[in-house]
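Visitor: Each chain, written out:
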Amino acid sequence: MSDTRLDTTATGVPGTSRVTKANLAARIAPLIGMPLGIVLLLVVGALLSDRFFTLGNLVNVLINISILGVIVVGMALVFITRGLADLSVPATVAVGAILTLGLQPAIGTVPAAIVAILAALAAGCVNGLLIGYARINPVITTLAVSTIVLGIAQWSVGGVIVYGTDKAAQTFLNGRVLGIPIIVIVFLVVAVAGHLMLSRTTLGRWIYAAGSNPDATRASAVPLARTRASAFVLTAGLSGLAGVLLGVTLQTARPGIGIGYEFDAITAVVVGGISLLGGSGSIPRALGGLLFVALLNNILVLQGVPTPVQGIAKGLLIVGAVSLDIYLRRKGGRS
Amino acid sequence: MNTASQPPSGWTIALLGLVRYRVIVILVATLAIAATFVPGFFDARTLSLGLDRAATMGLIAIGLTVVLIAGQLDLSGGAILALSSIAAVGLQGELGQVPAALVGVGVGLVAGAFNALLVVVLRINSLVATLASMLLFRAVCHLITDSRPVSGIDPFFGIPLTQPLVWTLSARVTIFLVLILLLHVWLTRSVVGRNLFAVGSNATSASASGIRSRWYLFGAFVFSGLMAGVAGVTFGVAANTGSPVFGDTIVLTAIAAVVIGGTRLEGGIGSALGTLGGLLTLASLTTAMEYQSVPAYVQDIVTGVILLLLILLDRLTHSKRGVNVSLTALVHRLSRKSAGTQPKEIERTIA
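Listed in order, the protein sequences are those of chains A and B.
Numbering of the first sequence is given in this note's numbering, commencing with residue 9 and proceeding in unit increments.
Numbering of the second sequence is given in this note's numbering, commencing with residue 698 and proceeding in unit increments.
Be aware that a few hints might be false.
[As the list claims (entries may be wrong)] In silico lysine to any residue, SDA-like type, Cα no more than 20 angstroms apart, as pairs: (1) A:Lys-339 - B:Val-818; (2) A:Lys-339 - A:Ile-40; (3) A:Lys-339 - B:Arg-820; (4) A:Lys-339 - A:Leu-284.
These are calculated hints, taken from the structure and not from any lab test.
Note that the coordinates shown come from a computational prediction; the quantities given were computed from them, not determined experimentally.
Same shape as in the complex, but just chain B (with noise of 0.2 angstroms):
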């Protein structure tokens, strides 16, 4: 057991480890605590309302996974989700409910088209560009409703939506979940998911080695209007309102979300799961301290401590990045060395 053949002490292993897995660790940490002070935090029906109202946010977080992963910012999501939730409940006198429910998704997808002509095209900054277009958007938004909210036509056509559908999981929900699943297996298994995070680390480099760079910044800007126009849709159908004011924080907690999800503002880096649990992270962390009454301005210092001591903590270990701290090499380094310990190395770790 010589220090000089194994670089990476235990302890260094220990903390890499832990960042590698934070949002697990930071997931089942908030569970823990969630169970503690809500009595009942794993029945049904509070597991069910609290993803219920993580849901429009998750679908939001969904695209903004992507576009943050090709290295890019979409500020706009807030703002199309109303512009759809808009088109999707107004037009249901005109041209029905369903067909009005595809018009907000198509609003959606041309609202990350026009996302995506403003960087792709005319190279803007995604973060400028899509705070333009989020202006634009919600500007729209007032003009065609006179800055008020619109009403459907039926309010008893979205109630399914809110309703359970698979065992206490409502129909919202298991969209996303199911979104999120597929955008997971797509990100890991198929040639374009892997291209994506080359054009997010270098897109100069993605596009030497044959990949059309241009075009998947493209296609992360308008399946981030899209999910958008999704989230808009079922938010407007089963609120049975459209409002231009829908959505006005919706984007920068979402934001928060992915990166406590592990996804990295600079491009590259970033998984679908990872987001998931930086949303159930922060539905839980919601829900405990809004049954324990703590004021909403706390909860977002409690929020903001998290995202902070994630990012710093991402940060610190970032530049000891080759070692391998995947389960099956922990696994095996535990087992190796249960028997010997290393009292030194500590000081190692804090410098």
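One chain only, chain A, in its complex shape (with noise of 0.2 angstroms):
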């Protein structure tokens, strides 16, 4: 129940190493787990189907994850600061489509989608201030912060649906360089992005120890209020971003476009394991996670399965994931 993690390694009496062969065998689960899931899937896949291992049907897997997978990056920094989840997807989501959308006919695409992911970043920041320094509940601040920036951003609009005007930009999107696509492009510079800023950076180390031990960081000089609001920055800001993606390919927009998007992140970080309770994960993981959801979807719609029993298996598969991850934790003695 404690809060705290325990290197596992080092039990502080010399002589003595808590690493036995079971325990090594429950570390390292974990870490092998997901891409062995992954090459499962894809074995099934390609026995159930002949077009499931097809190359046509893996780019559509990987584009129709890209948009999402902008934001699961963001919410998988929010896990790690153990700053629970972020509600506010949706809203932000919605302020970058539709501002993009809104504003494209007087300022032209990029500066509008540039304005579009600033007002994301503002949320962000009233997000970030309320959460880091106000230490509000995170749940129920981006709750509101959520309700406040969607109403304004509808009433910028006039709560209508926004049409798109430059054609250009969505054909530009939907283009392919070198036979990837630009959406996936965009998807994968984030996504490395990301993991080099969480493993090589000062701020990626703060949002660790940050999620591990909020006291004992405060007390080592960690601006830890500070390091808790950039997630949820981070987050408001890449929401932003996918909501442009999603509104120059849609090239329409309504207030409801982001709604789900929240659900499926969370979705994704918690079946790549990473724990509520922060400190641990990765990039890699929580992508890891996305793809391993958007396979067994991608399966189970080649195989004529109905839709819902997609929901059920996304519920059980998040039930399943989480009590794996603290059935394991438990036995590798860091419970």
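Assemble the dimeric complex from its two separately framed chains, guided by the hints.
Guide: In structure tokens:
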């Protein structure tokens, strides 16, 4: 029940190490579990359907997860700082889409997209201030900010559906460079940047520290409030970017455009084995979870399974993944 | 009248008092605003309609109050509502109307027990667990109905639920009011209620002092599922329809109402009457703004701002929890202090 994470390799008592064989297995299992699961899904998919293991189908899966993947990178940061979850994602996605398409005729697509992302970042700053500095519960804060931000975004365009006017931008995002869709490239750039930020920079180390032991982190002069706030600011910015991509590719934006993305992102992060307790996890793991869910959905669709069954599969997957994670943690001595 | 002997200044006390009774303050303010803008707001008919619409969310909020006091979260209320509305309306042909309604309530109970299983036995964080069960229940709804709404056999069966029963209150409003008053009594007067607060503020310490914390958590989720089931049955029977999309946004609004009512998401603090106040505030705001034909998105902004201001106020005064601001103490202080004023103390309140 305790929130503290112990390093199991060193007990502090000289001469004794708690790395036993069973312990080691339990520690390695989460690392190889996800790649193994994905490979397993690929094999099962290839056996069940001859259309599954084609380049076209797998590229389609990648395109489908690209927009959500951008959000998942942010949501993973929130999870790792022990910020629970960001429920304002639907609002910031909508802000990105609505403002991009709404401002497009006046100032052009690229400036409109920049304004949209800045607006989303502003919403993220409000989240960050309230959660990091005022230390209000993230769930209720992002919920309240979400309703306000979405309301303002709708107000600014009169509460109607916005349609795009720049077909060239849509063609560009749907185009390919060296056979790779542009939208997938954007997603990969974000993912790599997020991974490098988390594993190589000071901010990345602070994010882990803030999640694993807030009190010790504050005592070691790490700016805890700023770190926690930055996770929410980044998530909002990335959701804004996802909204821009979504709006431009669909060429329509309604206020409810982002609904469901928050839960899908949480699902991916949780299936990737990142705990709400924070302090552990990585971008590749979260994206592994995302890929796992996407491949599973793809197989179900190719098998002609009715849509609701996918919801059941997703629900059971979350329960299974989290229970397994909790079980392994307890076995690995990191209760 | 020495300040050293009385650390909290008059202004601090006033602010703390305001925070302590913020639910009443905000409720009176909204009612006043509503009464100014809506002609005949306090007419029986207007009140009855406004309350009748809030009743379904109110039932969900009753369950949420208990779950939040226990320090947990339940996102699956809307999905349970849809599931039990489908059961209560769809089974009318096979079972008859009253047994079908009972089955609907039972569905809520079972769904709540499923949540409890995930949280208490599998030890999954309640946010993730109820998110998963929300997806599951919603998918089951779509699967058994083929994503189409189901209709009941007799459109007149549910009408009494929305007709005035006591004075101007419809039957489902009466059910809601009776339940929330019972909950208030139970939370404040019974040992079980007091233990629930203990579990919510620190489950480990509660266990150490002999309270079966895990059973309390289990019970909280079952209760929440039961209330969502009752909400689903009353809503479905009154509309003579069960639909897989019922209640898709109801939980987040219900959480907002409960939190406006002063219950904290961290657990251990909250009250049933506060929830009632929060609900009435939201209901009268919605009614007032709809009469002024304020667009829905502006209503969202107002709701969000009120929610944010209230939790911010709560947070800012959290450190000054020890000060006695009960009504009697306030009256006592006021009568004593009416003679002297302390203008210099204003700065301290701001800092």
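Visitor: Compare the structure with each hint and give your call.
Guide: Each hint tested on the structure:
| no. | hint | verdict |
| --- | --- | --- |
| 1 | A:Lys-339 - B:Val-818 | holds, 16 angstroms |
| 2 | A:Lys-339 - A:Ile-40 | holds, 16 angstroms |
| 3 | A:Lys-339 - B:Arg-820 | holds, 14 angstroms |
| 4 | A:Lys-339 - A:Leu-284 | holds, 18 angstroms |
The structure shown violates none of the earlier numbered hints.
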